[in-house]
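There are 2 protein chains.
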Amino acid sequence: MDISTVWEDLAWQQGGKIVYLILDGVGGLSDLDKGGTELQVAQTPNLDQLAKESSCGLLEIVGPGITPGSGPGHLSLFGYDPLKYNVGRGVLSALGIEFDLKENDIAARVNFATIDKQGNVSDRRAGRIATEVNRRLCEKIRDKVSLDFEGDYFFETVSEHRAVFVLRGQGLGGNLPDTDPQTTGVPAKDPTPESEDSKKTAELVRSFIDQVQQVLADEDQATGILMRGFERYQPLPAIRDRFKLDGVCVADYPMYRGVSRLIGMDVVPRPGGMKQRFQALQEVYGEKYNFYFLHVKHSDSKGEDSNFEGKVKVIEEVDQLLPLVTELNPDVLVVSADHSTPAVMGQHSWHPVPVMIHSKYAKVDDVATFDEYACGRGMLGLRPGVQLIGLALAHAGRLRKYGA
Amino acid sequence: MDISTVWEDLAWQQGGKIVYLILDGVGGLSDLDKGGTELQVAQTPNLDQLAKESSCGLLEIVGPGITPGSGPGHLSLFGYDPLKYNVGRGVLSALGIEFDLKENDIAARVNFATIDKQGNVSDRRAGRIATEVNRRLCEKIRDKVSLDFEGDYFFETVSEHRAVFVLRGQGLGGNLPDTDPQTTGVPAKDPTPESEDSKKTAELVRSFIDQVQQVLADEDQATGILMRGFERYQPLPAIRDRFKLDGVCVADYPMYRGVSRLIGMDVVPRPGGMKQRFQALQEVYGEKYNFYFLHVKHSDSKGEDSNFEGKVKVIEEVDQLLPLVTELNPDVLVVSADHSTPAVMGQHSWHPVPVMIHSKYAKVDDVATFDEYACGRGMLGLRPGVQLIGLALAHAGRLRKYGA
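As given, the protein sequences belong to chains A and B, one line each in that order. For the first sequence, counting from 1, position 344 maps to 344 in the UniProt record's numbering; every step adds exactly one. For the second sequence, counting from 1, position 139 maps to 139 in the UniProt record's numbering; every step adds exactly one.
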């Protein structure tokens, strides 16, 4: 039994407001030279004070040993089990540039690549061309390539060698294999349809790829494209319908804005900076919404750059801004992360992330600092990430009693 | 959703080496006269030092309250949920004597029993005859009993009153009930087939049992046989195919060698002793394998003998040999057990077992000794045993990121 369906049944319109403060990738590992994890080394009087007044624990976001991407990581925090609500790379890439996907659109992730004279892939990333080059190429393609069908295609820059392809029309299936051969010295793969309803999609994709190759024939590096993660976009059930939450996202980065839209949340205009985001939360805080998602990106970016000190600084900056959240006095304030990004690894990892739930009804434990080790001894224990929304709803008084 | 299928999808060929050091039945219970559990009483400086540098926790091998047999216990550690990969007693018994089972063989566990003149079972274990007597009887049976079909049967000694029966041929099903009535004073049950494809099997089994009873008519104790756990052997998906692990087993005891073969691992020739096993691990350690399973049997045997001091000695012996493993410097070293066998109980038990994961990426906690109580406060928490392989794969860098 999927417990989230029980929360759906029990959720009601009444109850308090929930704020999620998500520090992307904030979980870390000890750097012995630095004296602990990023959270342990950072000076965080405000987060620590909050921990002293909260229930603390650890979340295993997707599952044991599973390193979450940002999409699945956030879906889990919002109560959408990523193993059930599996959103593919094509859709996430489109969401990541805030492309306005419509139901039944076919989306795919694109790499510009170098295809040699023999038709073999010689560089799967076209020498990682600059984003400006990418923009020029996309414009050239949109200008010269046309598909003969009752519909539209879209071809948009992501960054460097990455782009997104979207097909919009009637009767298009998304069951195509990747054309990316995942190796060099061989031709790109043919998008052979894997279901009857994807035949037309395959023809259009073939025609698109062929035309692109002609258009790019005079380029040095990006002489062709490889496509991955074809998927027909189906919006997820809205968080309003599932958990009676009217949610709003305060984030600067497209991926997090996109994931929020995917579950039917509103999104404020890009605040354009960390402090501006905290201020934007204050501005939007009010009667219209009962669920607020405030996203901090750079804890992840600094971790991915293996920049331990930089990540510590981001955490300390958040700590200084925390009063802008606590002074709103939300009924439930959750501080956690979508995954770990230990600076010593320089990439996302599977390690559980710390979490604290501050609420009038939280079982306050003796955890006195907000870090992985202290939270590991908290009252919430070690839990799957998807359980967080249930606890947040309960602490906000937003779940009825189960049974008589 | 079964999380192990996600590990299967994410596993790739790259990454480091994993060593499992499995101390069979090492989990224990406190003996108040002795001052703690077997692990607590044992002097284990090397295991304790390793614990100080590892992530520690507890594993509930099959499930809460479930006392695992050795087969399910090990399958769980290898990532084969025993509730899904259900290997029966017949097949485990055959594997336990390293019988070379072929796909579709029908295997059953046999007890020599005493059948009285009225045809009733008077002793279900034939007075626990000695293994040498068992060997003589098996030879006698193989010599005089023949089955009239296009195939072969095998009848092999396990130990004491226990033997294995295997039928090999075309069109044989394995759906037969046990003939063992589980009580005395009544006749053995008839192997009435439970499916159409098992009718022929039932005829052959009846003929076999009847002939055996004639052959054994002149014996004192073992005057007949009882059969249990009929099963058609289907090999499990190989650990190489599931998790991209090229595994090798270093064990002396047939059951563990058999379980390893069942999942497609290689097995080194019997080292013939504890120290020899640790040395055999050193010899086989190299480029050919990335997963090493080193098995210690006597921690279980001493527990089953209710020999607390003997179990402590085995643990101390392992501790002295541990440097032979740590000096290999594997990317991931796991020390754990397949189940508990508390000396105060003298049998397997359901109690969770301690586990530690040593790796460059392990979240080192403040657990300073390797025992059930200390590990209960470790960062890994209390988890199902089947999660171990996912964590081991992750720490070895053998799982890709999940989603974008």
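Bear in mind the hints are in silico, worked out from the structure with no lab data behind them. A virtual CB, placed ideally from N, CA and C, is assigned to each residue, including glycine. You may find that some hints are simply not true.
[To be verified] Facing chain B, according to a computed beta carbon distance under 8 Å, are these residues of chain A, among others: (1) 29; (2) 62; (3) 71; (4) 85; (5) 93; (6) 170; (7) 172; (8) 175; (9) 177; (10) 186; (11) 189; (12) 193; (13) 374; (14) 379.
[Claimed, not checked] Covered stretches of chain B, going by a simulated chain A footprint (3 or more residues, C-beta under 8 Å): (15) 4-12; (16) 241-247; (17) 282-294; (18) 398-404.
Task: When the least beta-carbon distance from residue 379 of chain A to chain B is tested against 8 Å, hint result - done: 13 Å, violated
Open item on the list: Holds or violated: the hint that residue 374 of chain A contacts chain B, with Cβ atoms closer than 8 Å.
Closed with: For residue 374 of chain A, the interface hint is violated, since the closest Cβ of chain B sits about 11 Å away, which is over 8 Å.
Open item on the list: residue 93 of chain A was flagged as interface toward chain B. Is the shortest Cβ-Cβ separation under 8 Å?
Closed with: Holds - the Cβ of residue 93 of chain A comes within 8 Å of chain B, reaching about 7 Å at its closest.
Task: Hint status (Cβ of residue 175 of chain A to nearest Cβ of chain B, threshold 8 Å) - done: 17 Å, violated
TODO: With a cut-off of 8 Å on the beta carbons, see whether residue 62 of chain A makes it to chain B.
DONE: 6 Å, holds
Open item on the list: The hint names residue 85 of chain A as touching chain B; please verify it with the least Cβ-Cβ distance against 8 Å.
Closed with: It is violated, given that the least Cβ distance between residue 85 of chain A and chain B is near 11 Å, above 8 Å.
- [ ] Using 8 Å as the Cβ threshold, decide whether residue 172 of chain A counts as touching chain B.
- [x] With Cβ-Cβ at 22 Å, over 8 Å, it is violated.
Task: Residues of the region 398-404 of chain B with Cβ under 8 Å from chain A, three needed, outcome - done: holds (count 6)
Task: Coverage of the region 4-12 of chain B by chain A, judged on three or more residues with CB within 8 Å - done: holds (count 3)
TODO: Would you settle whether the hint for residue 177 of chain A is holds or violated, based on the nearest Cβ-Cβ distance to chain B being less than 8 Å?
DONE: Result: violated, 15 Å to nearest chain B Cβ.
TODO: Using Cβ atoms only, decide whether residue 71 of chain A comes closer than 8 Å to chain B, and label the hint accordingly.
DONE: Nearest chain B Cβ about 5 Å off; hint holds.
Task: Given hint residue 189 of chain A near chain B, where the shortest CB pair must fall under 8 Å - done: Hint violated; residue 189 of chain A Cβ to chain B Cβ min 19 Å, cut 8 Å.
Violated hints, in rising order: 4, 6, 7, 8, 9, 10, 11, 12, 13, 14, 16, 17; the structure is consistent with all others.
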